Amino acid sequence: MGIRTGAQYIDALKSRQPEIWLGGRKITNVFEEKVFQQPILEIAKLYDMQHDPAYQEKITHICEETGERISNAFLIPKSYEDLVARREVFEAFAKATFGLMGRTPDFLNVVVTSLFHNASFLDHYNEQWGKNIRDYYRYIRDNDLFLTHAIINPQNDRSKASHEQQDLFTHLGAVKETPDGLVVKGAKMLATLSPITDEVIVYSFPGFKPGDERYALAFALPIDTPGLRILCREAMQDGTRSVFDHPLASRFEEMDAVLIFNDVLIPWNRVFLYNNIEAANLLYPKTGIAQQPAHQSGVRGLVKLQFATEVACKVADAIGVDGYLNVQESLGELIQSVESIRALLRTSEYEYMINEKGEALPNETALETIRGLLPTMYPRAIEVMQTIGAGGLLMSPTGADFENLELREDLNRYYGGREGVPAIDRVQLFKLAWDLCGEAFGQRLLQYERYYTGDPIRKRAIFYNSYKRSHSFAMVDAALNTEVKKKEVTNS
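Every letter in the sequence shown is one number past the one before it in full-length UniProt numbering, and letter 438, counting from 1, is 438.
One should not assume that every hint holds.
[As the list claims (entries may be wrong)] In silico DMTMM-like links for lysine to aspartate or glutamate, alpha-carbon gap of 20 Å or less:
#1 K95 - E42
#2 K95 - E310
#3 K314 - E339
#4 K468 - E364
#5 K176 - E164
#6 K14 - E32
#7 K131 - D142
#8 K176 - E213
#9 K45 - E254
#10 K78 - E65
#11 K286 - D123
#12 K45 - D11
#13 K131 - E65
#14 K34 - E234
#15 K314 - D245
#16 K14 - E33
#17 K58 - E88
#18 K58 - D48
#19 K34 - D245
#20 K95 - D52
#21 K459 - E364
#22 K34 - D11
#23 K209 - D167
#24 K95 - E57
#25 K131 - D180
#26 K26 - E254
#27 K78 - E57
#28 K78 - E88
#29 K176 - D263
#30 K176 - D212
#31 K26 - E234
#32 K58 - E91
[Stated by the list, open to error] Per label pair, the in silico range of CB-to-CB distance:
#33 A343 - Y467: 16 to 24 Å
#34 E68 - Q128: 25 to 33 Å
#35 K160 - D238: 33 to 41 Å
Calculated directly from the structure, the hints in this document are not laboratory data. Just so you know, these numbers come straight off a predicted model, no measurement behind them. For every residue, glycine included, the Cβ atom is placed at its ideal position computed from N, Cα and C.
Sequences are here, hints too, so could you generate the full structure?
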């Protein structure tokens with residue numbers, strides 16, 4: 001089939017009935033549920049972009065294997081030009097959602113593409129695992145499927161390993177083998193957008209210890225697999241808010257969920273890794289499933305940071321405070337943050353390396369630097385927005401107020417901005433800012449960015465240790481001129 005349309009994506013959603021729980025209710029029709037409806041339509045727009053002549057040549061290509069047109073997210077990069085082609089789809093989808101949806105279809109399609117191209121790593125442990133991931137890549141590529149993933153254990157007793165938890169199946173683990181497949185039980189999170197996806201892929205961060213064998217798993221399933229329960233977090237909006245009052249929350253609510261597996265059967269052809277601690281701990285470094293998706297998340301993060309920066313600048317301009325030196329300094333800081341991330345992304349592409357399998361990998365140091373900076377840069381942008389907007393962010397009237405002619409004169413007089421900025425424009429701008437920096441929707445976006453790749457302190461420590469192992473710090477040795485000093489000491 002190749003690239004599908006938004007209508008085909010929606011039809012696929014309507015054809016399934018996964019077990020979804022939201023606010024104590026079992027959802028029986030995901031498309032008709034108000035909370036999900038607009039996000040579904042936003043994802044559908046992304047699929048339609050693949051057929052739009054303005055985007056198609058930039059974000060899709062003809063598959064050499066099938067002759068069908070497919071997303072650039074399924075492209076195995078072999079050159080700088082290929083990395084740029086992948087960036088085109090990342091950028092197009094991110095800009096269409098203002099960087100606010102972290103799990104658009106391109107993200108996990110890149111993950112599966114990396115697993116596919118590095119499937120020889122899985123072959124080393126079990127040739128069937130390698131075959132399974134190759135087949136799965138072709139399946140989602142040829143059907144243009146939308147995936148979520150669940151890779152984190154529930155936060156129970158984090159001081160203990162999975163096998164040390166009070167309940168053997170608090171964390172997702174294998175129960176038994178059967179002729180038809182592997183039976184699993186337990187929970188995983190944070191399955192973003194899972195109610196409106198086609199499939200879920202499960203794998204885990206490294207860190208398995210002896211005794212954790214049953215938890216060393218990687219597999220994929222349709223989202224409506226029997227026994228799979230999707231337990232959604234509290235919604236950040238009820239699906240009925242107006243676009244005027246909540247221009248972002250009304251459209252881009254990205255539902256997160258805990259996935260609970262109640263003796264779910266995974267067919268053997270969908271198992272990619274099982275009962276092997278060594279393979280599970282090496283999955284990330286040996287398959288590129290951290291480095292290649294970091295390119296996508298870096299592009300999305302750049303767009304999100306740029307959007308927040310633009311909103312902060314417009315808020316300052318609307319009320320005439322960007323003439324003050326302290327405000328200019330803060331906004332200048334945000335703009336420099338945006339440009340720093342942009343430069344790092346271009347560096348990651350330009351300074352790519354080719355691995356032993358002929359795959360072009362963006363520069364890891366540049367991408368990890370982005371991952372280290374965004375968890376502080378984005379919260380800083382939100383802080384600046386809150387400071388500039390101040391009490392004005394709390395005092396906006398509603399769209400219904402503007403529709404009432406009896407209130408119109410007061411609104412125009414008391415809610416206008418600087419000269420040339422009418423009340424309705426200032427209010428809409430401040431509502432946009434409040435969605436980002438004040439509402440529960442915006443606070444979820446903030447928390448999401450802080451912990452997008454895990455604990456930022458631990459990630460930065462890992463980055464330092466990796467950097468230390470791979471660099472000789474030769475300039476220090478040269479500055480100390482060790483050989484000359486040795487001779488001086490010997491002569492004395």
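Hint check results:
no. : hint                    : result
1   : K95 - E42               : 12 Å, holds
2   : K95 - E310              : 13 Å, holds
3   : K314 - E339             : 18 Å, holds
4   : K468 - E364             : 14 Å, holds
5   : K176 - E164             : 19 Å, holds
6   : K14 - E32               : 9 Å, holds
7   : K131 - D142             : 17 Å, holds
8   : K176 - E213             : 13 Å, holds
9   : K45 - E254              : 15 Å, holds
10  : K78 - E65               : 16 Å, holds
11  : K286 - D123             : 12 Å, holds
12  : K45 - D11               : 14 Å, holds
13  : K131 - E65              : 17 Å, holds
14  : K34 - E234              : 14 Å, holds
15  : K314 - D245             : 18 Å, holds
16  : K14 - E33               : 12 Å, holds
17  : K58 - E88               : 6 Å, holds
18  : K58 - D48               : 14 Å, holds
19  : K34 - D245              : 17 Å, holds
20  : K95 - D52               : 15 Å, holds
21  : K459 - E364             : 13 Å, holds
22  : K34 - D11               : 17 Å, holds
23  : K209 - D167             : 17 Å, holds
24  : K95 - E57               : 17 Å, holds
25  : K131 - D180             : 17 Å, holds
26  : K26 - E254              : 19 Å, holds
27  : K78 - E57               : 18 Å, holds
28  : K78 - E88               : 16 Å, holds
29  : K176 - D263             : 9 Å, holds
30  : K176 - D212             : 15 Å, holds
31  : K26 - E234              : 14 Å, holds
32  : K58 - E91               : 10 Å, holds
33  : A343 - Y467: 16 to 24 Å : 19 Å, holds
34  : E68 - Q128: 25 to 33 Å  : 27 Å, holds
35  : K160 - D238: 33 to 41 Å : 38 Å, holds
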